[in-house]
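Student: Protein sequence lines correspond, in order, to chains A and B. Under the working numbering, the first residue of the first sequence carries the number 592, and numbering increases by one thereafter. Under the working numbering, the first residue of the second sequence carries the number -18, and numbering increases by one thereafter.
It is worth saying that the hints were derived from the structure and are not from the lab. Fair warning: there could be bad hints in the mix.
[As the list claims (entries may be wrong)] Once the Cα atoms are required to be at most 25 angstroms apart in a straight line, the calculated BS3-like pairs of lysine-lysine come out as: (1) Lys75/B to Lys790/A; (2) Lys133/B to Lys606/A; (3) Lys885/A to Lys69/B; (4) Lys790/A to Lys69/B; (5) Lys885/A to Lys45/B; (6) Lys133/B to Lys790/A; (7) Lys129/B to Lys91/B; (8) Lys72/B to Lys885/A; (9) Lys154/B to Lys91/B; (10) Lys75/B to Lys129/B; (11) Lys45/B to Lys91/B; (12) Lys91/B to Lys69/B; (13) Lys203/B to Lys177/B; (14) Lys45/B to Lys154/B.
Bear in mind the structure is a predicted one, so any value in this text is a computation, not a measurement.
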Amino acid sequence: MRINSFFYTIGQGFKNLGRNKWYTLASIATITACLFLFGLFYAIITNFQNVVKTAEEGVSVTVFFNEGTSEDEILAVKSDLEKRTEVREIQYVSADEAWEGFKEEYLGEYADGFTENPLADSANLQIYLNDVSMQPALVTYIESISSVREVNRSEVTATTLSGLNLLIAYVSAGIILVLLLVSVFLISNTVTMGISVRKDEINIMKYIGATDFFVRAPFVVEGILIGLIGSAIPLVIIYFVYTHVITYVVSRFTMLSSLLNFLPVETVFHNLIPISLLIGIGIGFFGSFITVRKHLHV
Amino acid sequence: MERGYRKRKTNRQIPEDEVITLENVTKSYSTGAPALNGVTLHIKRGEFVFIVGDSGSGKSTLIKLLLRELVPTDGEITVLGYNLKRIKHSKIPKFRRNLGIVFQDFRLLKDRNVYENVAFAQRIVQTPTREIKRNVPSILATVNLAGKYKNKINQLSGGEQQRVALARALVNKPAILLADEPTGNLDPNNSWEIMKLMETINENGTTVIVVTHNREIVNAMKKRVITMKKGVIIEDEEEGMYIDED
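Assemble the whole structure, with the sequences as input and the hints as a guide.
Tutor: Rendered as structure tokens:
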């Protein structure tokens, strides 16, 4: 193919956007609407998941040791536990630190009466997990260590959070899947309809002796451009809506902001941009490619 | 294209100057009688041929077979050396570039102007832009539309639209011009103008095949007339007449 023919077909794709204004507008509007809804749900769901994840991260297991267990022995257990996949982070709390913390929290000025550390055997390990659903397995392992006296954990919190996490994962996967299917169906229908009404144009090209590539290329370029514009618009809208809503909620409901940890817009868009572009451009490309093929056998 | 004689399945050798050959061609659709039934036809380079007949006589099927829009159920069709029954799908565009096609309903790209419609045919055969800029005004002048190259298609009369279609068909200098009812949507004056243009094109060496119902034109032009009825050729005469079968 000559280079000028290549650029001609690409140029025709751009020109077709203007030639078929209403089809272009309808297609872009459909893609925008579908991907806006998709993006909105995605932002809500990822934030919701983040809230649960943050709560999970706060759940810890506290390990106390038998009387007389030395700091070196405790630190050896710590380094052994750090190798396990369930463990995200371990903090060693010495007996002195435990007493300082207790004093600060419960005794205040009354602590002056104590000359010795009453929590001398309270050196412990605070273990934070990667996934709370792994807590039972880890606790069973820790309890089997001979120097361990007691393992404190909140089974109810762990089970609730783990269940909630699973529920969110299923619900969000379901919603995203339904939205994706609806988007694919609506967008591909619009693309198909837009091309079908122009099947005469395709026939004329074929009668004159145009190759399949020559006929198809402008439609595919047009489809890609429509997909690109249709996916860029909702991303821009969601960006502004998201940042403004978060700013509003944080400033207006200060209590909520201390409870909820909203994800920064960059984190949400890290995945949302490629997903939206992939859907928009992908459907634009494949929709036009497949639909034009139907009319090529003239 | 091959030179001299070409061997064929039926053992008949196709003369070098024969551009269209149909041997016992039958085209059947899923229901009803065959649209074409054992048609044999030979057209030489430079001929001007009218194909006439009532609706349902098989004229349109014949044109579609010549365009390789349809494939014969039986028999062989050779156009300009291409065996249309065996031609690969990828070779069809190259084959069609040897044909100029004019339809009753013009089939122009309505969202483009006159120049773009004609230039489009040149773009398809990958003519360099410099040549397109030279060829298109020249062919538009031939069909008397030089002054309207910027006009949109819906700004033209029926006759003018058909002349644009004719210019598009001719700009690539086809060996054969196929016209399917080219005057079907035109008044008598425009019809004559189109036919005169086609006659001029034929005089310059292009084979012209016109499917028509226009008895007056056929009878006045004194060209070869092939009359079809119910899928068969019932008459094929040099300087023939379109006679009402009823």
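Student: Taking each numbered hint in turn, which are not upheld by the structure, reported in ascending numerical order?
Tutor: Of the numbered hints given earlier, those the structure breaks are 10 and 12, listed in rising order.
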